[in-house]
Amino acid sequence: MGDWGFLEKLLDQVQEHSTVVGKIWLTVLFIFRILILGLAGESVWGDEQSDFECNTAQPGCTNVCYDQAFPISHIRYWVLQFLFVSTPTLVYLGHVIYLSRREERLRQKEGELRALPAKDPRVERALATIERQMAKISVAEDGRLRIRGALMGTYVASVLCKSVLEAGFLYGQWRLYGWTMEPVFVCQRAPCPYLVDCFVSRPTEKTIFIIFMLVVGLISLVLNVLELAHLLCRCLSRGMRSPRGQDTPPTQRNSSEPYADQVFFYLPVGDGPSSPPCPTYNGLSSSEQNWANLTTEERLASSRAPLFLDPPPESGQKSPSRPNSSASKKQYV
Amino acid sequence: MSWTFLRDLLTGVNKYSTGIGRIWLAVVFIFRLLVYVVAAEHVWKDEQKEFECNVNQPGCENVCFDHFFPISQVRLWALQLIMVSTPSLLVVLHVAYHEGREKRHRKRLYVSPGMMDGGLWYTYFISLIVKTGFEIGFLVLFYKLYDGFSVPYLMKCDLKPCPNTVDCFISKPTEKTIFILFLVIISCLCIVLNFIELSFLVLKCLIKCCVQKYSKSLQSSACERHNLIC
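These protein sequence lines are chains A and B, in that order. According to the numbering used here, the first sequence holds residues 2 to 334 in order. According to the numbering used here, the second sequence holds residues 77 to 306 in order.
Be aware that one or more of the hints could be misleading.
35 Å max Cα-Cα, derived DSBU-like pairs, lysine-lysine [claimed, not checked]:
| hint | chain 1 | residue 1 | chain 2 | residue 2 |
| --- | --- | --- | --- | --- |
| 1 | A | K137 | B | K280 |
| 2 | A | K10 | B | K179 |
| 3 | B | K121 | B | K236 |
| 4 | B | K125 | B | K280 |
| 5 | B | K121 | A | K110 |
| 6 | B | K125 | B | K236 |
| 7 | A | K120 | A | K137 |
| 8 | B | K289 | A | K110 |
| 9 | A | K110 | B | K280 |
| 10 | A | K110 | B | K220 |
| 11 | B | K179 | B | K292 |
Treat the hints as calculated values from the structure; they're not laboratory data.
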């Protein structure tokens, strides 16, 4: 049903920058929504008006009754639902891209300043400013961005908006049509001369697809709520450990540490694999170091890898996140 | 209809746009092009077949449909999309022209693709103004052509060969109204984005000019002092 390629490519990018629950949500969105819309769109709802038949010969009665029965077709409603529900995710992607580009520009400026030969106090001051700004963006040792600060705020806001929109659209669908398609619609609207029975085409098949899309919508909503809870727990546990984290000595991180495999909150900088690993920052805040320690502890403590984590990048394997995803990008589902 | 050509061209524009320009492109791609291809085209698919007049007179339906819809709303939507995207191609052409010149003269004329200076700034500025003009123009045209942004379910027609004033019923008027309102809202959003981008460009240019003037005046006063000292 139409051309979803561009939106698919954008949502594909977001998948690399999401939590595990976020990735499941995206997969559900792709497989169960776009594919089903494509499948059901033309074949089931294609003849909805031409086969909508009213028991009357009055010209125009069928048109007005169809309009009264279906102010907006289910298929178009689901397309709009899909678009609106994807929009917060795209806003988040915009923020990620903005931060990645800012980080690249700062790195470039830093490189240029360091290349200057003279020990100028102004150059030192400029370098210090750039390093402060780069520390805010918080890059890990493998050159990836971390979700914290403003980015975490955007992520949480996007998940919240998604949930609200999803719930809103489900409620709207219930108010408009309910969850089943009745085979007969009784219509009384001018120019129909009396109460007219109108017969909907394929009511049972449409009911099946309506219930299917309802279940997908509910799963999507549940996933969003789970993700919110997951993020809240992470924030709370990070907040609880940071007062105690003053005693933890900051450990020197290097690129060989397998903690880089933990891909929950990592974002690639620039074009991904081609960007060099970022130098370690000694001036870490204690909360940042504690986040690093917490994830390392968790990874070491888990007996088996979580379902949706990739094997370590050193193995050189790339697992596809979902059907039809581009193999050139690193995928983590 | 294949829109991939327009899409590929617009993707090239992305490189030479400001941040707001990229947001505009994303809005155009997702909320206009995608919605048009995936949903709107299907709503208007059978518009003439399902257009019904309460008369048996042959030809009456045809003339009434032609009178009420000189151009289908969905085709106007497509035209608007094309016209609004075209000014962005001016920027692409300008950059291509300058890249050709760079190759001939074997030197860099632009600091980097992201920086807009000199002629490219003016081209971008003009393209923004033309885009905004097209957007507003098409919205006004829509309003004037169809007497507002809603589609009624019944229209009365008394053109020849219809023997009297005849009731004509339009198919899916509510769904069409929903999509037209959607189109209007997104167009207004694009107009707002264009205005923000225009102001942003002008402001940035003014600030740059002021800073340059200020630093020049500082330099000249420092030189004067240096000369005095020397």
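Each hint, compared with the structure:
1. A/K137 with B/K280: 25 Å, holds
2. A/K10 with B/K179: This hinted pair holds, its Cα atoms lying about 33 Å apart.
3. B/K121 with B/K236: The given pair, whose Cα atoms are some 26 Å apart, holds under the 35 Å limit.
4. B/K125 with B/K280: Cα-Cα ~54 Å, so violated.
5. B/K121 with A/K110: Given pair B/K121, A/K110 is violated - Cα atoms ~55 Å apart, limit 35 Å.
6. B/K125 with B/K236: 20 Å, holds
7. A/K120 with A/K137: 26 Å, holds
8. B/K289 with A/K110: 24 Å, holds
9. A/K110 with B/K280: 20 Å, holds
10. A/K110 with B/K220: 53 Å, violated
11. B/K179 with B/K292: Satisfied, since the Cα-Cα distance of roughly 33 Å is no more than 35 Å.
The structure fails hints 4, 5 and 10 (numbered hints given earlier, in ascending order).
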